[in-house]
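So you can see what is in the structure, the chains are spelled out below.
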Amino acid sequence: MALSRRQFIRNVSVAGGALSIGFSLSGCSTHGGPIFDTSSFQPNAFIRINEEGQVTVQIHKAEMGQGVVTGIITLIAEELEVHPSAVSYEMAPVHRAYADPEMALQITGGSASIRVYYDILRQAGASTRAILIRAAAEVTGIAESELYAKNGRIFASKGAYSASFGELVAAARSIAAPTDIKLKSRADFKLIGSYDRRLDSAPKVDGSAQFGIDAGPEDCLVAVLFRCPHFGGTLDSFEAKAALQHPGVVDIFQVENAVAVVAEGYWPALKASEKLEIQFTPADNALRSSEQISQAMTAAFESGKFNSVRDEGGLQAHTEGSLVEAEYHVPFLAHATMEPQNATAHVTDTLCEIWVGSQSPDIAQDIAARILGRPRETVVVHNQFLGGGFGRRTNADNVAEAVAVAARIKRPVKVIWTREDDMRHDFYRPATAGRLTAQVAENGAISNWKHQVVGPSINQQLFPMMGKAMLPSWAPTGVLGLAGDWVSKEDFSAVEGAKELPYQFDGISVEYHNLQVPVPLGFWRSVGHSHAAFIVESFIDELAVAAGVDAVEFRRRHLPADSRQRRALDAVAKLANWGQAPAGVYQGVAVHESFGTVVAEVAEISIENGKTKIEKFFCAVDCGQVVNPDIVLDQMEGGIIFALTAALYGEISLKDGAVEQSNFHDYQMLRHNETPIVSVHILDSAAPPSGVGEPGTPPAAPALANAIHAATGQRLRQLPLRLS
Amino acid sequence: MVEFELNGEKQMLDVALDTPLLWVLRDNLKLNGTKFGCGVGLCGACTVHLDGQAVRSCSIPISAILGRSVTTIESLGGEHPLQQAWIEHNVPQCGYCQSGQIMSAAALLASNNAPSDDEIRNAMSGNICRCGTYTKIRKAIHTAANSEVKMFDPNEEGVG
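Protein sequences, first through last, are from chains A and B.
My numbering numbers the first residue of the first sequence as 1 and each following residue consecutively.
My numbering numbers the first residue of the second sequence as 1 and each following residue consecutively.
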């Protein structure tokens, strides 16, 4: 996420060498991070060790299944020389020490957790180890060069001395971290690249794992909200007499454009809310249905009003060869996390406590503080496991509701969303369209690639919210709307994946038209790449067909010989036995780079009674240095299944400014018996790690659509894919 | 007053008869291992056993549970062959669906102790996993099924 403060934050954080936010040069906890207890050794914001030798790590990223708990602990443990399974962990509190140096927020997203923190966490582990060695040297008189760390202890290379970390805590607390810390070289890694366990499995198989919906005081009330179904609409009036008489109901009142029903439990709250009589007025705007939005997109193309985001080689007036043109459309998508949105809050005169699974607890803290008109320091956010994030839990709308209800009811209250609420009050992946043209010469050379993108800007909507959390609470925020407008002209989230076309064509033009829609928008796993890859890699396939060249070979020819895309394509073609599929089995390919990672995928399908059967999926991934190979496989397979669900079933449609879908019967999920076998090959690389949470998703829909074309001759230019 | 057996213990509660079993477990009995996902029996996150059969607790009113026996994820103790297999295969990602997955798998193995891949796929298709852990779930079920075979002790029943 490229935000205006990014450069400033980076300059501050690298001043004085490689140390970053959350670090200090002293072992005595003046690092500016939170102090957890005064008797432990706490040399930085991430690690503390108590006198029993227990190492505890702060997890400052949201654990939503992508494995940050395991990843963060592994990076620290590698340098600290402890076994990952011996480390305990806590979800970090909100604190500037945990703000991501690139995003300037304590946010989890952009597949960035390991990439951004790879050096920082290893340095945290290494400098902690160095202090412990120095402590042992001071205690024993043995030279530091004759001491080493292993398995939570310090040993002397000559002689019998050894001490546990715990025994050295008292001495370590007064020692400054050495400045000449060297990180391990790849050849010495014991964990990074090979450790393949997960550290959070046990509570997730015995029912004890706490998600937001589970956490909070035991004597919590529960609130269900009846929200205006029309985006931008208003609550006119409501009649609560019958609902108030429902057994177990405590109170009913208005919160913004919703009615909150507070009761002793979820069931009485839900049943009482069904007895409400409510009048809503829909918003008065022209784009209230999917058809109207679609027409507006067509009109946008016809208008010719586009901002150029890439213009290379100039479009030539080529006349030889054939012109290929196509228009693609993808719909709004819901996140549909398995855990419906929820948040728990308790507001007293002096403190606001929040229990929630959040991808951005500092945004949650800021919103709560603004609602209450109190300093941020009086708001404590207890972050939990997330039952799915995918970008949805970046927004703090659930927290705003819980705080508003808790402030009024003056008791702890848990706001639980029904699945219908979750489906209809999401921050959707934007509907987007692309018009592409390109010239294909007789010899297969491609020129005049022109890609026009029409779609709304996520950042125009979200920038004000995120900006407020980044700034000090006293800073005026009026300008954030203007900044959002400015960002929207070239919104990276709308054009990413289209702008960075890797193919070597003679003349490339990418343009963007921001079509505002009255629909809440948000980051959905892989964001702009989720539509760009489908559109670009499908059109590339159309060009390959027009040129009469095999789909893999066509891509190879237009990529530099040393490109990561070519390497990934070659790997996946080999894995999939490209071109050797038996009769009745068809293959399609796609390659796409997102978040620094290159992924190539092949879909293998058959057609049964007019229906697509996905037999297998193959995936080759180049994500730089792997930290946990099993987690990389998980994220590729998970990202593919997430994408296939959307490609086959995903469509959020609007009528009267309200979402039509409501539950899993009309917003279907790919199930166990529809899921293909997925084979993943990880390409070896010593480059610094890039992300894996999202990059498996973009290539899946185009690989599938290209396979369907190979099987049927039908070119499907809309998602979800429907065979006619 | 509602009476039923939960994880081997008798329960007596004062709760509205139309309350789904799921919310009696979570709100009245504070057992949060069983999860809420959709409220209409489509996602499987709320799966528990009723008299040994896998059921969707969000869609069964407590009035239908009177005098019957309910088993939840908490009763497996953490050391059940399925739970050990789940850990061995690193199954959970976010973990939210896994209580329901494990309870469905336990019911499958109770009726079919050596299921094929396709039998697993069909039996488990009522449980949605948004993170896509299906393949590992299938592997873990095979592992648990095989380990239960290994646990058989021919000396126990005085055979031979």
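Because the hints were derived from the structure by calculation, they are not lab data.
Misleading hints may appear alongside valid ones.
[To be verified] Listed next, the in silico DSS-like pairs over lysine-lysine satisfying Cα-Cα at most 27 angstroms (straight line):
| # | chain 1 | residue 1 | chain 2 | residue 2 |
| --- | --- | --- | --- | --- |
| 1 | B | K30 | A | K271 |
| 2 | A | K574 | B | K139 |
| 3 | A | K655 | A | K613 |
| 4 | B | K30 | A | K410 |
| 5 | B | K139 | A | K616 |
| 6 | A | K450 | A | K241 |
| 7 | A | K158 | A | K271 |
[What the hints assert, rightly or not] Covered by chain B, per the in silico footprint, the following chain A stretches (three or more residues, Cβ under 8 angstroms):
| # | region |
| --- | --- |
| 8 | 57 to 68 |
| 9 | 119 to 125 |
| 10 | 212 to 226 |
| 11 | 663 to 669 |
| 12 | 675 to 687 |
[Stated by the list, open to error] Computed footprint of chain B on chain A, listed as stretches where at least three residues anywhere in the stretch have a Cβ under 8 angstroms from a Cβ of chain B:
| # | region |
| --- | --- |
| 13 | 188 to 202 |
| 14 | 262 to 271 |
| 15 | 406 to 412 |
| 16 | 514 to 527 |
| 17 | 705 to 711 |
The C-beta atom is built at its ideal place from N, Cα and C for all residues, glycine as well.
Hints versus structure:
1. B:K30 - A:K271: Answer holds: B:K30 to A:K271 is near 20 angstroms, not above 27 angstroms.
2. A:K574 - B:K139: 25 angstroms, holds
3. A:K655 - A:K613: 32 angstroms, violated
4. B:K30 - A:K410: Since the Cα atoms of B:K30 and A:K410 sit roughly 22 angstroms apart, the hinted pair holds (cutoff 27 angstroms).
5. B:K139 - A:K616: 17 angstroms, holds
6. A:K450 - A:K241: Between A:K450 and A:K241 the Cα gap is close to 61 angstroms, so the pair fails against 27 angstroms, i.e. violated.
7. A:K158 - A:K271: 73 angstroms, violated
8. 57 to 68: Per the Cβ count (5), the hint holds.
9. 119 to 125: Coverage by chain B is violated here, the residue count being 0 at a Cβ distance below 8 angstroms.
10. 212 to 226: Since three or more residues must qualify, the claim that chain B covers the region 212 to 226 of chain A holds, with 4 doing so at under 8 angstroms.
11. 663 to 669: holds (count 4)
12. 675 to 687: holds (count 3)
13. 188 to 202: holds (count 6)
14. 262 to 271: As far as the region 262 to 271 of chain A goes, the hint holds, because 6 residues have Cβ atoms under 8 angstroms from chain B.
15. 406 to 412: violated (count 0)
16. 514 to 527: violated (count 0)
17. 705 to 711: violated (count 0)
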